[in-house]
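Chains as they are written, first to last, in UniProt numbering: chain V, 1 to 885; chain R, 1 to 885.
Take every hint as true, because none was put in to throw you off.
Repeated chains share a single entry, so a pair holds when one copy, or any two copies, can fit it.
Lysine-lysine pairs mimicking DSSO-like chemistry, simulated, CA-CA at most 27 angstroms apart:
| hint | residue 1 | residue 2 |
| --- | --- | --- |
| 1 | K92 | K297 |
| 2 | K22 | K73 |
| 3 | K92 | K73 |
| 4 | K73 | K297 |
| 5 | K271 | K257 |
| 6 | K401 | K860 |
| 7 | K311 | K196 |
| 8 | K22 | K257 |
| 9 | K839 | K810 |
| 10 | K196 | K872 |
| 11 | K658 | K539 |
Because the hints were derived from the structure by calculation, they are not lab data.
2 protein chains.
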Amino acid sequence: FCLLCVCSWSVFVCVQSCHATKPNMLNVHLVPHTHDDVGWLKTVDQYFYGDRNDIQHAGVQYILDSVVDQLLKNPDRRFIYVETAFFYRWWKQQSSSMQQTVRQLVNEGRLEFVNGGWCMSDEATTHYSAVIDQMTMGLRFLNETFGACGRPRVAWHIDPFGHAREHASMFAQMGYDGFFFGRLDYQDRARRMMAKEQELLWRASDSLTPPVADLFTGILPNGYNPPEGFCWDQSCDDPPIRDDPDLEDYNVDDVVKRFMAIAENQALVYKTNHIIMTMGSDFQYENANLWYKNLDKLIRYVNGLQSNSSKVNVLYSTPSCYLQELHRANLTWALKTDDFFPYADSAHDFWTGYFTSRPALKRYERISNSNLQTCNQLEVLGGPVSRKGPFGGGDSQTMKKAMAVAQHHDAVSGTEKQHVANDYARKLASGWQHCQVFQISMILSVSVALIQFSVSVYNPLARPVTWPVRLPVNGTAYTVSDANGKPVDCQVSTVQEVLLYSSLKTLCVLVFQFLKVTFDPDTGLLSSLSNLETQQSIKLTQNFYWLVYNASDGNNSLSIQPSGAYIFRPNSSTPFIISSTAQTEMVQEVRQWFSPWVSQVVRLYADSRALELEWTVGPVPIDDSLGKEVITRLDTSIQTGEYFYTDSNGREMLQRKKDFRPTWQLKQSEPIAGNYYPINSRAFIKDDVDQLTVVTDRSQGGGSIHNGSLEIMLHRRLLYDDVRGVAEPLNETSDIFPEGLVVRGRLLLSLDRPPSAADAHRPLAQEVVLQPLLTFTDGDLNPNTRLEFSGLQAALPPAVHLLTLSQWDKDSVLLRLEHQFQSWESKVNSQPVTVNLQKLFSTLDVLGMSELNLSANQWKDEMKRFDWTPQKGTGRPNLPLTSLQ
Amino acid sequence: FCLLCVCSWSVFVCVQSCHATKPNMLNVHLVPHTHDDVGWLKTVDQYFYGDRNDIQHAGVQYILDSVVDQLLKNPDRRFIYVETAFFYRWWKQQSSSMQQTVRQLVNEGRLEFVNGGWCMSDEATTHYSAVIDQMTMGLRFLNETFGACGRPRVAWHIDPFGHAREHASMFAQMGYDGFFFGRLDYQDRARRMMAKEQELLWRASDSLTPPVADLFTGILPNGYNPPEGFCWDQSCDDPPIRDDPDLEDYNVDDVVKRFMAIAENQALVYKTNHIIMTMGSDFQYENANLWYKNLDKLIRYVNGLQSNSSKVNVLYSTPSCYLQELHRANLTWALKTDDFFPYADSAHDFWTGYFTSRPALKRYERISNSNLQTCNQLEVLGGPVSRKGPFGGGDSQTMKKAMAVAQHHDAVSGTEKQHVANDYARKLASGWQHCQVFQISMILSVSVALIQFSVSVYNPLARPVTWPVRLPVNGTAYTVSDANGKPVDCQVSTVQEVLLYSSLKTLCVLVFQFLKVTFDPDTGLLSSLSNLETQQSIKLTQNFYWLVYNASDGNNSLSIQPSGAYIFRPNSSTPFIISSTAQTEMVQEVRQWFSPWVSQVVRLYADSRALELEWTVGPVPIDDSLGKEVITRLDTSIQTGEYFYTDSNGREMLQRKKDFRPTWQLKQSEPIAGNYYPINSRAFIKDDVDQLTVVTDRSQGGGSIHNGSLEIMLHRRLLYDDVRGVAEPLNETSDIFPEGLVVRGRLLLSLDRPPSAADAHRPLAQEVVLQPLLTFTDGDLNPNTRLEFSGLQAALPPAVHLLTLSQWDKDSVLLRLEHQFQSWESKVNSQPVTVNLQKLFSTLDVLGMSELNLSANQWKDEMKRFDWTPQKGTGRPNLPLTSLQ
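Please build the complete structure, drawing on both the sequences and the hints.
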């Protein structure tokens, strides 16, 4: 990653204000904190104001009011704040004197920002591009508002439901010294507690040279809650410290005794004489006095016993102060190179449902990201004129903020209430509107002219793409010409008639330039796939299935956990087949009907090496009172053994093995759900000869349960809540779909030789992530209109991806160029590559450049991170994937 | 009342800080307040600390912390505080700088105390003596802590379930300028709203010359809650003011519009261009920022419209600022002379159950009051020695505080949860222990010597009494001698054998010096009562009955309201008779068995003009799944028409008429419960010739449903909660009574000629309220021991009651002497009477005296109250009772 940015930095004097610890004692770091979901049961703005407290009592404006008040009352007190989406809203409503007060608290280390992104992103269903954007937005605000003292040193993902390796890699590259989280597999935690490996070193990339992507990682002792009996928030019922001997129920001795016992027990499962306790939880500290008043007393009374030979020292602290003590301990730490998926909190409770929950929202988030990148680029390329043109004030900020909140771990994850999902979608739609002004401004002068109407196509990738443009028309013959007036190849197909066709009973073959697909004439199903270039061919069957959680099933003797927004828990490991045959019709595409609510169109395109499966699922019927989780399964002749591969946040690929975890002896309790992993952009199966890669158009869950098989979950309609807080079954309907949501999506299949498969799937996946943007103009164009424009002087080399091109401030631009190949995955493209920035842009003159960290909140050459020593022999080494199996 | 007290007064400068109002606008007085029950669902100390928040979220320590913080943030803000029991606990935990800050807020009128007693007392079941004590304790603390600026000017009983005339009279005599409450009969409210009589002048005594007992009384518009949609506490769900146009759901216009509509509607039912809104509720303001932040905005946005011709002016205010505006309006006000009992909140929801709920606690509270008065007197008479004698540090404070919290409207009322009732009892028991030290110190030197053991008897009344002393013994013959060695008349009766007797089938007559009672030989029931002195005789039948709320009864078509701690709602107006006959036995007393769980002993005593009915009820059986409410009913030959009479808080008597309310046209919907009134110390029925007075030993409920009949509810055991918040059926059991509580009590019956009946029942009731205290000493006494002692030089005249004799501070004593007869009730005793204080005490020298108001927080001659003008012709004049009927 490299960054181009000229921005101004204020110089502050930060006081490093960690409280002194005592070397010969057990030091208990109390970390007062609040966990403020950027939308979940309520929308982000409802949470901010404390509206709709009938749904959930939570008002972030009051939390920040109250915490600042309470910090001022006692300089020993500490607080950390995490979600900049909320902090930003609050900050801009404050008086300048209050702002000055808060600056002072930050400079003195009494209020510390941790994580500091716009939200605490989901790790399973987010694309790295959008995560970097949201982190950058939050960190930039902190940087511009508080300078260096506001820069978070610790990443803090206390709630996300499983942890992606790519997130750890990004955090390392953003300059974080450490990372803390709360949730991991219950078996993994049990082993780590025994082995004192709850604090470890995560080596989060197999391509970046250590320690670039090394991240110290700590697992918190109680999720992110306080220890039992010590929750003093207004939302808790634990007994306060009653220290007035004149009143009833004086309990200081009891409280101190209970606290010491908890601290000593906790110390048994950590390595140093420092332990951390998270004193807070969801939306706590709205009335911070309750917490602090009792914490003050706790500290006073526990430490008071030191004069009486107690060896427990308790102090107000922050994650960075705690981390500093761990670093000073100068120990070696267990190494980990895989990730923390899937997450199960008990034997039958796998949080693998949310990989697919709300597939329509997941898709809308993904194309919004594409749109935002385009919007950013147009803003740069259009210059100041486009921001205040004749069509009103365009801005990318609205979309940036909408996308940033959509990364939240109850947003794109699909684990929010329906009305909140609607709000995220509405915010994205508003973002689109604000971006449209750029498109109109820009594209009215750069367009492709057509008879009757013009379509402009903006490609946000830094290289040419071939892209089929499908437009609804009502004539039967059209002429389409490009910017130079040359005819463009086009087909007109009649959509309305397809339902009248019956299946063809002859062998059916779809062949184009690079690929051949055959369909079984008896079943109408896919039967083989061939790559004509590489001369490879595999048997390939594809069908659709559904899984079900049935409350009255005998399986429930094991557990009554139902499937829900978070959890995937089918009763049976054998999915129900929707139809063993498909009514199949071939026009210039193949259309398959599996049932009234499952159909698919199979297409090949000229110049494309991928087979497109455009699936349509819904409304999922529930008249049998059964919720259903719909998957498609590809069964192939590839000898996969028990392996398959999924991407991490759209970037690096990770190997997965059935019923296996790299770092502990797994006891598998859910044969399907326990083998599901997040698929962000692609998954593949392979053997020595063939690799079948499936590129998805949104985040989905999937697994490989059988040899040669790869299944992907497409849609979920559930009738029970899975008791993780949403209190609403995941049963999506809308005004347009009162009978249940219909979802459509695309899978792109690529069949290649393993050593060169990445050369195909890397650009293919980027083309799905960043799509050409179409804009339509009615009537004839102004003859002076430029019909073609490129912001680049030439296409970027294949290994380099234009991740970000965005206006930073009036005179500077943020540019992120990414080497998109893992070090081992391509003989050609994995090599280092050089780009000349001076010759990159067609319309921008580069006057200077400075390199920053990944999140653009610190000069790259000033980024100094703690060094950590891994234990020898721990952590199964993360060999390149090609050498495994 | 007159008072002897020498206490020091600080001089403060109070700033009268009411915000300016606008004469040509509707002024809306917003009164931020919290209602903090001194025990209800949690104990008083649990409420203070915020313990047991699983039962109810409430922590008063945090409320006061938070309110002070928020008042400091904006000098416009106001707050009122009510319950000194809580404020006192908080105050003594504060630093001196915080105390100084609070003093400043009080002096500037930003924090105002209203009511200011130790608690907000119940009005139906409290005795005036205990109410004066608790008010004095709270007001004294405020006075000594804050001086004149801390003196509440307004009484504030926003929650009690009906309002006693004696309370209004006391408040007037304590110097309050006005009184506000929230609950009154729904029909009464409806009429007063129509007539704009929700603000009125209450003439609260028929003996005191107006305006001594006149009290301006305001009925609050929403109970004590904020108007609908405007509750901004952490416990509420109303939408906050969202005034950031950049965030979703900007709602300022909507909020302002709704507020204006509510204000204008409210103004329609009040007289002036000022209205009050109570902005707060139960235990609110724990996080005061939520309230104030939104109130600040409300005021800003509503008043902002004045520049746009709006005529609504909204301001932070307090009850005294509001009252001042009403006074300035210089209008005439409707007059009321009766009281506000019973209270019904809808047609079938009469809050008359709590008159009797928890009869054991009610009795314990009453004898604790007697004990406290004795304790106070012994402290005065014993002098400093007794407070730090050889038996440890005795004190009356513990009992004073226990009694003060017991006056709370969910304490002696019986409307608290069981564990809270236990806590009140425990606190009283602790008070007894602390008082015992005085008794031991004092009584070891002043005793009556007996063989084997000595019994000392302390009489807290200021005149001699005849009092039977009943002691358990195991011999058969005893000699008892008095202080002078003279024999005392005594009987030994064998209690163990009584159950073996069968009923006597001969005419049974019990005759003693003054009274004759006959029993029907067929039924075993009382059949007549005669006063041998006055030669009067009435037929008198007494029996026991129970009423029942049956959930499956057809009556529930009207309403499903069950009986519970607060509510009395039997299905049928005809009570079930427990037995039409009683097994009756006469020894020297008459013993009656009505059922295994209802029995009674009837006694006459030498020198006593009263017949004692000692009833025992329980365990009330519930094996039929029916809760039961047990009454005893006296049916007489007295021609009562539809009238009967009950006392108000143990002082003045009020006339009651069946199915009638003096100030509005009653539509009766509950024939029994709607005719029940609180009986604090006595009730009577009468005609021209005979008056039968029943003196009770605790607060009970009762009514006169039939001609000649008087019924009193003795015990209640209920299986449903009555949905008024306790969430617990009133079903008392304990370790000693696992099958259900057994309760024993006494009714004293006096038959007299009406014009002189008070001469008998006034002293009789005082003897029940203030009982002789017995103390036992084992073995022989020191021969130097004084065997007899009186603190008085001579008995007080019959009309004068020694209400209070209590140590005030080191050098001064608080004395309250009360003329205990109403102006019309006795030819002899209603006359003015003179007492010479210098000749009152046997051991105290009176060096000086100063007269104070009733609550001892203001010099009598400095007590200046607002004058108010009653409307002519309103309020049915309160003629003396003798002239009615």
